[in-house]
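There are 2 protein chains.
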Amino acid sequence: MSTKSPESRRGGAGLRPKTGEAGEPKLAVDRIRKTARELFYREGIRAVGVDEIVSKAGVTKPSLYRSFSSKDELAAAYLRDYEGEFWTRFERAAAAHPGDPKAQIVEYLRGLGERAQRSDYRGCGLSNAALEYPARDHPARLVAEEHKHRLRVRLTEMAKDMGAAKPEVLADALFLLIEGIFVTGQLFGDGGPAMHAVEIAETMIEASRAR
Amino acid sequence: MSTKSPESRRGGAGLRPKTGEAGEPKLAVDRIRKTARELFYREGIRAVGVDEIVSKAGVTKPSLYRSFSSKDELAAAYLRDYEGEFWTRFERAAAAHPGDPKAQIVEYLRGLGERAQRSDYRGCGLSNAALEYPARDHPARLVAEEHKHRLRVRLTEMAKDMGAAKPEVLADALFLLIEGIFVTGQLFGDGGPAMHAVEIAETMIEASRAR
DNA sequence: GCCTATATACGTACCGGTCCGTAACGAGTC
DNA sequence: GACTCGTTACGGACCGGTACGTATATAGGC
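Residue numbers (numbering that gives the first Met the number 0), protein chains in the order written: chain A, 0 to 210; chain B, 0 to 210.
Source of the hints: derived by calculation from the structure; they are not laboratory data. If you're wondering where the values come from, they're calculated on a predicted model, not measured in any experiment. Accuracy of the hints is not assured; some may be wrong.
Examples of chain A residues lying across from chain B (beta carbon under 7 Å, computed) [to be verified]:
(1) R45
(2) S69
(3) K147
(4) L175
(5) L176
(6) G179
(7) L186
(8) P192
(9) H195
(10) A206
Sample of chain A residues at the chain B side, in silico, Cβ under 8 Å [said to hold, decoys possible]:
(11) E42
(12) P133
(13) M203
(14) S207
Heads up, the beta-carbon is just placed ideally off N, CA and C, and yes, glycines get one too.
Input sequences plus hints: build the corresponding full structure.
Next up, the structure:
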């Protein structure tokens, strides 16, 4: 029937935009992804209509639905992009302190604590999406849940490498700390609890080593 | 113009429903508040339409708008109700351990950690609302922000009473821990990071006393 | 060189449905 | 006769989604 492959209708991830990373992408699908990323993150997914996305992106609605089968799938694609950005930030912090997991997580929290106090900070796009869509089988929620499980696993590995007496407990402490920063960042802005992120993490890590 | 006082159009808080606490309230305004509380909390504010609220409450739309000037004001009223429930839970835990702030917060976290692992848990209605409405002047957001400031102040008082070396840091640690539980509760459910809430809090409190 | 066939990328115009909110009026009740 | 509520019917905006037509580029045949 259709001339489209199922692949392209999923808006396959990771493929480079056809135009220089900065500036406006040329292809409609890339302009949509970029605009969706900005609007969904800033205002929330439910708060943004597809009309607003296409008009701000300078494209038309059929172009959106040629690349994404529904708004929900576009939201899922946005979250996959967002997760990529998250891991980029996370691994960049880790790479700054090779072989020193405590310094790695502290470095990440230092950057996060800073960002979380900025006025344009809206928390974690993945956490926010999960809160917006409580239904277990929503495409956006699935992406978010998988990501959070991956992060918890990663933190557990790091806690082990830190020599924690109970790695799972330290990992969850760090996880809860991070999620707390995500939320309070947009609640308090500058001078909020995020300002003490590093100090709290260091205290927690040291106390977890004691035995 | 209107026969209504501004007071009643705001859906004045705290007034007892005219019928026994349990079961269906008799007055339309109370049925609306109860239904709104359930639906807004379970599915989110944006996700629930006023038509759904009035039909589930067994009332009609004009009855809603006779008591609340808009859906946003109904959302704000829901959050004021929700905040009341929060402080009831919080003070109940505190009352169980008079004069022992550490035991008080641990008691609260014990209960929260349990609730957060239940399948119907949807986090904190106030935090969720703030995430749904990033606009600074939204009625619902205002209620949420005020509450969060109150809670931070309360935790700082308790941290002082615990003899923490840096009460503000311990208070923020507890705050971030609590917000983290709110979020991860609905992300992971049973067996999530909330399961370690008490242990983490105790470790953090003890480490904050040391000096 | 010229014509045609096909594929790609996109736009115009429109769909039915749902959103929040209101107008006008009548009925029960203490 | 003041209060509370239901009934019916709208309205205008916006929602996610689609049927259908068009411009441009390239490839192949002769």
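Against the structure, the hints come out as follows:
no., hint, result
1, R45, "holds, 5 Å"
2, S69, "violated, 17 Å"
3, K147, "holds, 5 Å"
4, L175, "holds, 3 Å"
5, L176, "holds, 5 Å"
6, G179, "holds, 3 Å"
7, L186, "holds, 5 Å"
8, P192, "holds, 4 Å"
9, H195, "holds, 4 Å"
10, A206, "holds, 4 Å"
11, E42, "holds, 6 Å"
12, P133, "holds, 6 Å"
13, M203, "holds, 6 Å"
14, S207, "holds, 7 Å"
In this structure, the one hint that does not hold is number 2.
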